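Peer 1: Sequence:
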Amino acid sequence: MSGGGGSTGQGSPRDPGAPATTGQVQQVRQQVTLLQQQLNRQQRQIDGLQGRLELSERRILAAVANRRDCQCPPDVGAQLARLQLGAQSAAAARSSSVGEQQD
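For the sequence shown, position 100 (counting from the first letter as 1) is numbered 100 according to the UniProt record's numbering, and the numbering increases by one without interruption.
Keep in mind that the hints were calculated from the coordinates and are not lab data.
Keep in mind that the hints are not guaranteed to be accurate.
Quick list of the computed label-pair ranges, beta carbon to beta carbon [claimed, not checked]: (1) Ile60 with Leu34: 55 to 63 Å; (2) Pro19 with Leu39: 26 to 34 Å; (3) Ala62 with Leu83: 28 to 36 Å; (4) Ile46 with Ala18: 34 to 42 Å; (5) Ser89 with Gln38: 48 to 56 Å; (6) Leu80 with Arg58: 27 to 35 Å; (7) Leu35 with Gly77: 54 to 62 Å; (8) Leu83 with Leu61: 28 to 36 Å; (9) Gly48 with Gln84: 37 to 45 Å.
Given the structure is predicted, the values throughout are model-derived calculations rather than measurements.
By construction, the Cβ of each residue, glycine as well, lies at the ideal position given by its N, Cα and C atoms.
My request is simple: use the sequences and hints to build the entire structure.
Peer 2: Right, dumping it as structure tokens:
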């Protein structure tokens, strides 16, 4: 009964019901070990980032709690509006000149 093509050479599909070879078991164990080590490293990184995030949050909350009301000089808002208007005008001029060049 040799019609099944049951070769177990490298690269050949193996019968899913057949037991794994010792080499295959060792390879899977090595992969599991490497993945576990990688997972542990990533978990330590996550823990470190979580600690930094919590520290940043505490600092921000403390800064907000200790913040004094700051009043900007009245002309700052007007200056900002002029700058924004100037930037919009410059952008509009650039886009219209680009449109003229493409014609």
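Peer 1: With reference to the structure, classify each hint as holding or not holding.
Peer 2: Hint by hint, here is what the structure shows:
Checked against the given bound of 55 to 63 Å, the beta carbons of Ile60 and Leu34, roughly 39 Å apart, lie outside it. Between Pro19 and Leu39 the C-beta distance comes to about 28 Å, which sits within the given range of 26 to 34 Å. Restraint check, Ala62 to Leu83: a C-beta distance of roughly 32 Å satisfies the suggested window 28 to 36 Å. Taking the beta carbon of each, Ile46 and Ala18 are about 40 Å apart, inside 34 to 42 Å as hinted.
Between Ser89 and Gln38 the beta carbons are some 54 Å apart, a value that agrees with the proposed interval 48 to 56 Å. A beta carbon spacing of about 32 Å between Leu80 and Arg58 agrees with the range 27 to 35 Å that was offered as a hint. Range check, Leu35 to Gly77: about 57 Å between beta-carbon atoms, so the 54 to 62 Å window is met. In this structure, Leu83 and Leu61 meet the distance hint of 28 to 36 Å, their C-beta atoms being roughly 32 Å apart.
At about 40 Å, the beta-carbon gap between Gly48 and Gln84 stays in the expected band of 37 to 45 Å.
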